[in-house]
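Got chain A; can you put chain B on it based on the hints?
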Amino acid sequence: MKFGIVKIAICCFVFILGGCQREHRDIQPSPTRLAIYGDAARESPLRPGGPVQPQAVVANPYNGSAYDISEGQRLFNWYNCSGCHANGGGGIGPPLIKKEWIYGGEPANLFDTIVKGRPNGMPSWGGRIPEYQIWQIVAFIRSLNGEQPKSATASRQDTLQPNPQNLMSERGGGGATK
Amino acid sequence: MTAEPMKPATLVSTILLLVLNGCAGHQQSAVDAAGPQAGRIETLFWFFLAILGAVFIIVMAAAAWTLTKRHRGIEQEPLERTHLPPPQTETRLTRVVTIATIATVVILFVLLVSSIVTGKGMAEFANSKNPMVIEVTGWQWWWQVRYQNSDPQQVLDTANEIHIPVGRPVMIRGTSQDVIHSFWVPNLHGKRDLIPSRITTEWIEADHPGVFRGQCAEFCGLQHAHMSVWVVAEPGDKFQAWFNSQLQPAPAPTDPVLQRGQQVFLNYACVYCHTIRGTTAAGQNGPDLTHFGTRQGLAANTLPNSMGNLGGWIVNPQSVKPGNHMATIAVNPDDLQPLLQYLQSLK
Numbered sequence: 333m334k335f336g337i338v339k340i341a342i343c344c345f346v347f348i349l350g351g352c353q354r355e356h357r358d359i360q361p362s363p364t365r366l367a368i369y370g371d372a373a374r375e376s377p378l379r380p381g382g383p384v385q386p387q388a389v390v391a392n393p394y395n396g397s398a399y400d401i402s403e404g405q406r407l408f409n410w411y412n413c414s415g416c417h418a419n420g421g422g423g424i425g426p427p428l429i430k431k432e433w434i435y436g437g438e439p440a441n442l443f444d445t446i447v448k449g450r451p452n453g454m455p456s457w458g459g460r461i462p463e464y465q466i467w468q469i470v471a472f473i474r475s476l477n478g479e480q481p482k483s484a485t486a487s488r489q490d491t492l493q494p495n496p497q498n499l500m501s502e503r504g505g506g507g508a509t510k
Numbered sequence: 034m035t036a037e038p039m040k041p042a043t044l045v046s047t048i049l050l051l052v053l054n055g056c057a058g059h060q061q062s063a064v065d066a067a068g069p070q071a072g073r074i075e076t077l078f079w080f081f082l083a084i085l086g087a088v089f090i091i092v093m094a095a096a097a098w099t100l101t102k103r104h105r106g107i108e109q110e111p112l113e114r115t116h117l118p119p120p121q122t123e124t125r126l127t128r129v130v131t132i133a134t135i136a137t138v139v140i141l142f143v144l145l146v147s148s149i150v151t152g153k154g155m156a157e158f159a160n161s162k163n164p165m166v167i168e169v170t171g172w173q174w175w176w177q178v179r180y181q182n183s184d185p186q187q188v189l190d191t192a193n194e195i196h197i198p199v200g201r202p203v204m205i206r207g208t209s210q211d212v213i214h215s216f217w218v219p220n221l222h223g224k225r226d227l228i229p230s231r232i233t234t235e236w237i238e239a240d241h242p243g244v245f246r247g248q249c250a251e252f253c254g255l256q257h258a259h260m261s262v263w264v265v266a267e268p269g270d271k272f273q274a275w276f277n278s279q280l281q282p283a284p285a286p287t288d289p290v291l292q293r294g295q296q297v298f299l300n301y302a303c304v305y306c307h308t309i310r311g312t313t314a315a316g317q318n319g320p321d322l323t324h325f326g327t328r329q330g331l332a333a334n335t336l337p338n339s340m341g342n343l344g345g346w347i348v349n350p351q352s353v354k355p356g357n358h359m360a361t362i363a364v365n366p367d368d369l370q371p372l373l374q375y376l377q378s379l380k
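Taken in sequence, the protein lines are chains A and B.
Each residue of the first sequence is one higher than the one before, starting from 333 at the first, in my numbering.
Each residue of the second sequence is one higher than the one before, starting from 34 at the first, in my numbering.
Isolated chain A, as found in the complex (with noise of 0.2 angstroms):
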């Protein structure tokens, strides 16, 4: 009885600790981590004119922490990523809730598509915001595509919520000038 009291003192650490990844902030990010230009985000193991080469796996450093997907669904507002990919239905730029890939779908390939950009519209990010930003954004649209944990994807997205401009529109009084 007492040895089952302890193992189940155990069960509910270990069930603690798996919340201490959700709830991770990286409270003073470096501007700069070790970019992975180059051959580590390749989108198909296949290589013109050479034998087939293993794949670096780069995983997220944001993986599963509701913080940095918030944060990421916030900037992806922020630097107008929403202006052609919408909320994530496509509009100018092709939607971003989908299995196929043109450029890959793991971590690695949309962290490489934002950093150098793609033909047809797609700006190149990389040296223009910190990389922990586009981890952070990376990590949001994971999240669109239900690959991260449930417990740490918001249930609802914030653009639901009117914008303060347009509820302001409305005008009134004599204004600062008499």
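Since the hints were made in silico from the structure, they are not lab data.
Nothing here was measured: the structure is a model prediction, and the numbers come from that model.
One or more hints might be untrue.
As the list claims (entries may be wrong) - Non-contacting residues of chain A with respect to chain B, defined by C-beta distances greater than 12 angstroms in every case (computed):
#1 R406
#2 G437
#3 P451
#4 P462
Unchecked claim - So, partial list: chain A residues that the calculated Cβ filter (under 7 angstroms) puts toward chain B:
#5 V346
#6 L349
#7 I359
#8 Q360
#9 W410
Ideal placement from N, C-alpha and C gives every residue a C-beta, glycine not left out.
This is chain B only, laid out in the frame that chain A set:
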């Protein structure tokens, strides 16, 4: 070495000193009203304090008197079955309780009426003619400020510092970009919550010039404590001069260092969030920096606005306000000085 227990007299005088400290004319104080709205609140506060203080003292004195008074034969009463008071005592006690009950009801009623009268006076102020309309939007963790006008040429965007003319009613229309904030400038008015997708209004007026500090009064996340705003009340002509100069776009720099600084600003990620009117920078996610050099503080007045503080803020904003939404950008050391000088030159 053992600490000597503090003498009662020392303790009392220390507490008194701390309390008196609150009486000094202060930049953020509800009992140093600088306008009619805060004046009404302050009057109500002192009225409540006087009445409730008197009630408190009377009740405590009565309780102390009862406790210290030795009731004759109280230990024997139950044994001798003489604990029932004589009829004349019974009548006296009934009278005392009745009077105390009536006094309580009357006092509560007086407080209620005075509170309603104050609220009504403040609501009537909202009908003032020719108000100035300022829109305040709370962001994590700064204040977006827009001087609204039916003429688009006269609409002014700024942040974290509000200038108002003395003696003119100002209507603050507030909302929030993200979570609930609360706009609170104690010298001018009480708190008013800024609620997402909803507009709340507050009417203020300053009756004398001064600089008053406001603070977010609704917990809004990590940097709630570092979300403050300055309200500068100025005479009408001085305000108008400030307003007209703020309406101007930032002048194009002529000095080569400042020109370089402008290029640095436009080439880095700054432009995704900040606007400097007169340049191509038109970001809408951070404070408008068109006349950044005129402001008293930076990072929602977390730090005084100086070259050194600005450098620290840009290089590592997360060390100043951990968790805030300003991106940590790797600025090339050669680019930093021109950038700082350019931003400080935005007068």
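Provide an ascending list of the numbers of those earlier hints which the structure does not satisfy. Those not satisfied are hints 1, 4, 5, 6.
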